[in-house]
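Could you put the whole structure together from the sequences, leaning on the hints where they help?
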Amino acid sequence: METQHNGSEENSFGEILGLQNEIGEIQASIADYEVGKKLNIAIIAGPLAGKTTLLGEIERINSSRATGITFSEIIRNKKEISLPDDTKRIVLLDNCHFLYRRKTGGFDIFYEFLDMISSQEKLFITTWNLYSWRYLNEVFGLEKYFPVQVVIPDFEKENLRLFILKRYGKEEIRFYNDKEAKEEPFIYVAKYPLELSSLGKKILIPVPKINIPYLKNRLLNKKETQTTEDRIFEKIYLESKGNPGIARRIWELGLDYPRIKPEDIGQFSFNIELEYEEAFVLSLILLYQSLKKTEISDMIGSTSRVDEIIFRLLTQELIFKDEAGFFRIRPEALHSVVAYMKKLRLVW
Amino acid sequence: MANGDTSAQQLLDSIRSIDTQTLITMFLVFSIAYILGKIVTILLSKLSDKLSQSGRVKVKLIIPVVKFVIYIVALYYIFRQIFIIFGTELFLLTGILGASIGFGVKDLFADFVGGIVITFEKPYQIGDKIALGNYYGEVTDIGLRATKLVTPDDNTVTVPNNLIFNESVASGNSGASEMMVVIDLYIAGESDVEPAMRILREAVVSSKYVYISKKRPVTLLHKALPFYTRLRAKAYVNDLRDEFKFESDVHTRTWIEFQKNGIKPPQLHILNIPAIEEISE
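In the order they appear, the protein sequences are chains F and P. Numbering-wise, my numbering comes out as the position in the first sequence, counting from 1, plus 1. Numbering-wise, my numbering comes out as the position in the second sequence, counting from 1, plus 298.
In case anyone wonders, no lab produced these hints; they're calculated from the structure. Fair warning: this is a prediction, and the values are worked out from it, not measured in the lab. Some hints here could point you the wrong way.
Stated by the list, open to error - Some but not every residue of chain F turned toward chain P, in silico, with C-beta under 7 Å:
hint: 1; residue: K104
hint: 2; residue: E139
hint: 3; residue: V140
Said to hold, decoys possible - Taking lysine to aspartate or glutamate and the EDC-like style, the derived pairs with C-alpha atoms no more than 20 Å apart in a straight line are:
hint: 4; chain 1: P; residue 1: K513; chain 2: F; residue 2: E139
hint: 5; chain 1: F; residue 1: K343; chain 2: P; residue 2: D537
hint: 6; chain 1: P; residue 1: K513; chain 2: F; residue 2: E144
hint: 7; chain 1: F; residue 1: K322; chain 2: F; residue 2: D299
hint: 8; chain 1: P; residue 1: K512; chain 2: F; residue 2: E144
hint: 9; chain 1: F; residue 1: K242; chain 2: F; residue 2: D155
hint: 10; chain 1: F; residue 1: K202; chain 2: F; residue 2: E279
hint: 11; chain 1: P; residue 1: K543; chain 2: F; residue 2: E279
hint: 12; chain 1: P; residue 1: K543; chain 2: F; residue 2: E278
hint: 13; chain 1: P; residue 1: K348; chain 2: F; residue 2: E279
hint: 14; chain 1: F; residue 1: K104; chain 2: P; residue 2: E545
hint: 15; chain 1: P; residue 1: K558; chain 2: F; residue 2: D299
hint: 16; chain 1: P; residue 1: K512; chain 2: F; residue 2: E139
hint: 17; chain 1: F; residue 1: K202; chain 2: P; residue 2: D347
hint: 18; chain 1: F; residue 1: K343; chain 2: P; residue 2: D540
hint: 19; chain 1: P; residue 1: K344; chain 2: F; residue 2: E274
hint: 20; chain 1: P; residue 1: K532; chain 2: F; residue 2: E139
hint: 21; chain 1: F; residue 1: K104; chain 2: P; residue 2: D540
hint: 22; chain 1: P; residue 1: K348; chain 2: F; residue 2: E276
hint: 23; chain 1: P; residue 1: K348; chain 2: F; residue 2: E274
hint: 24; chain 1: F; residue 1: K104; chain 2: P; residue 2: E555
hint: 25; chain 1: P; residue 1: K543; chain 2: F; residue 2: E276
hint: 26; chain 1: F; residue 1: K104; chain 2: P; residue 2: E492
hint: 27; chain 1: P; residue 1: K558; chain 2: F; residue 2: D109
hint: 28; chain 1: P; residue 1: K348; chain 2: F; residue 2: E278
hint: 29; chain 1: P; residue 1: K348; chain 2: F; residue 2: E196
hint: 30; chain 1: P; residue 1: K344; chain 2: F; residue 2: E276
hint: 31; chain 1: F; residue 1: K343; chain 2: P; residue 2: D347
Glycine included, every Cβ here is placed at the ideal spot set by N, Cα and C.
As structure tokens, then:
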């Protein structure tokens, strides 16, 4: 049985992401700034949650009065954070968690940055990795510098569907189900993923669920139209917990282009066992989202152990190396890693 | 006098009436309680090691309570048997027991009472780092008679429970998984304090062992003394088991950075005092 995606993405970007409230809050702060009330803004979210996308939308809306700067790796030179003369009144800084190194002598750029945002008249809108923000907030009281904090919420299921399908054309994706519509059970068991930080694991709990669309169709005597697609996106939604980056990765793993079926949507639970230093390196990758080997060895103060630690993390399939040589946490392992880090209290 | 003789005779008769089966049953009950207590301790300790630090503390908190409940149930059974056997002569037996406690096993009895106090008043718990008497270490077991500590040198010290009635107990974490560690560093009096304090702070907050929150802040103190300056950092170690690793980590990284910035350790000024002949010249 197959159904096809209708490709009806006529919504604006904000509507697709369901971030109207967040965009509204930021725009309200910009309006306040225009009448003399300067309140710097921090956009905070976990990895792959969409903070860069949100900042891009803010830049698009305010293109005439905003300058955007993106930090793509750890900043070591103070000149890199000095603003050019033609910088507009609103400054958008993406990935501000790259402004410090977690080591002795690694906070000079960060002090310079705090001095800059508190001494200049410009409005600063910044994005931060959630775990770096929490760390820096506990250590330096970062919230005092950013009175407006916008935390990106998890996506709704419908927004995840639109977010994933917007890349495809009309009827391009075929939702395939091994079972015929009549054989669809009206009660089925879904495995609900749950992160238990006390155990440091993500576990899958079987939960009986009622197939409401199928039941509705049966009761109203309609032909089943959306069940397969619904089942697929429900699984993606449960597994990703509304994180668009994870959702896209799960989608890609399950997609046998142009076909996809519910059984191919994977559920991931990693049994993580690491030594403390390995866990610390993993926490650094989580804090920064992407790190080069040299940056890791710089922060842990040892070049000899880095290769061994990275090898362990790679073999446990917790991280991967991208084309630019950055180590990142695998999207599908992200929830398990966070649960483990919380168990060890390496992230707060 | 005749009454006394009769009572003693009755007591002796009651003692003679105890059959072997009853004695074996009482012994078995006590043994089962002891083994069960050990099994519970091992299982809960293993479970707690799989949990997060806060979970570990919570699980270890219930170990002594469960053990005491097991022992009290066993003792209840044993005393019930004794009451059935002795009946009205129990008062006489109590007197004999009182005398024996007073003379011979009073310390054992005090240890038992101490164990109950420790279990329910909780001056310390399993997993706490405590200073008790002359000993400092992590509490690994609270038993009926004694508390076991593992010192930083990995010695297991068995401290009788009655010590809590006579000695003050200092618990470093009091049930929490984090614990404050005080780190002192000494630098030469002429060294610049400001960068030294900044370096020490950065070494503390960037340590992999640190735990910081609103309630667990990092505090830095500075005290100028005649021949040197003392820098003190008060910070919380994430897991109290890493107390000394945390201290060592901060020391190492701070001194590496001190050397890069020309901050020197205190000099032995007494060696720099010129000899008397030099002064006279």
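Do the hints match the structure? See the list:
no.: 1; hint: K104; in the structure: 5 Å, holds
no.: 2; hint: E139; in the structure: 4 Å, holds
no.: 3; hint: V140; in the structure: 5 Å, holds
no.: 4; hint: K513/P to E139/F; in the structure: 10 Å, holds
no.: 5; hint: K343/F to D537/P; in the structure: 13 Å, holds
no.: 6; hint: K513/P to E144/F; in the structure: 16 Å, holds
no.: 7; hint: K322/F to D299/F; in the structure: 18 Å, holds
no.: 8; hint: K512/P to E144/F; in the structure: 13 Å, holds
no.: 9; hint: K242/F to D155/F; in the structure: 7 Å, holds
no.: 10; hint: K202/F to E279/F; in the structure: 17 Å, holds
no.: 11; hint: K543/P to E279/F; in the structure: 16 Å, holds
no.: 12; hint: K543/P to E278/F; in the structure: 12 Å, holds
no.: 13; hint: K348/P to E279/F; in the structure: 18 Å, holds
no.: 14; hint: K104/F to E545/P; in the structure: 15 Å, holds
no.: 15; hint: K558/P to D299/F; in the structure: 16 Å, holds
no.: 16; hint: K512/P to E139/F; in the structure: 7 Å, holds
no.: 17; hint: K202/F to D347/P; in the structure: 14 Å, holds
no.: 18; hint: K343/F to D540/P; in the structure: 17 Å, holds
no.: 19; hint: K344/P to E274/F; in the structure: 16 Å, holds
no.: 20; hint: K532/P to E139/F; in the structure: 15 Å, holds
no.: 21; hint: K104/F to D540/P; in the structure: 19 Å, holds
no.: 22; hint: K348/P to E276/F; in the structure: 14 Å, holds
no.: 23; hint: K348/P to E274/F; in the structure: 11 Å, holds
no.: 24; hint: K104/F to E555/P; in the structure: 10 Å, holds
no.: 25; hint: K543/P to E276/F; in the structure: 14 Å, holds
no.: 26; hint: K104/F to E492/P; in the structure: 18 Å, holds
no.: 27; hint: K558/P to D109/F; in the structure: 15 Å, holds
no.: 28; hint: K348/P to E278/F; in the structure: 18 Å, holds
no.: 29; hint: K348/P to E196/F; in the structure: 15 Å, holds
no.: 30; hint: K344/P to E276/F; in the structure: 18 Å, holds
no.: 31; hint: K343/F to D347/P; in the structure: 15 Å, holds
Checked against the numbered hints given earlier, the structure satisfies every one of them.
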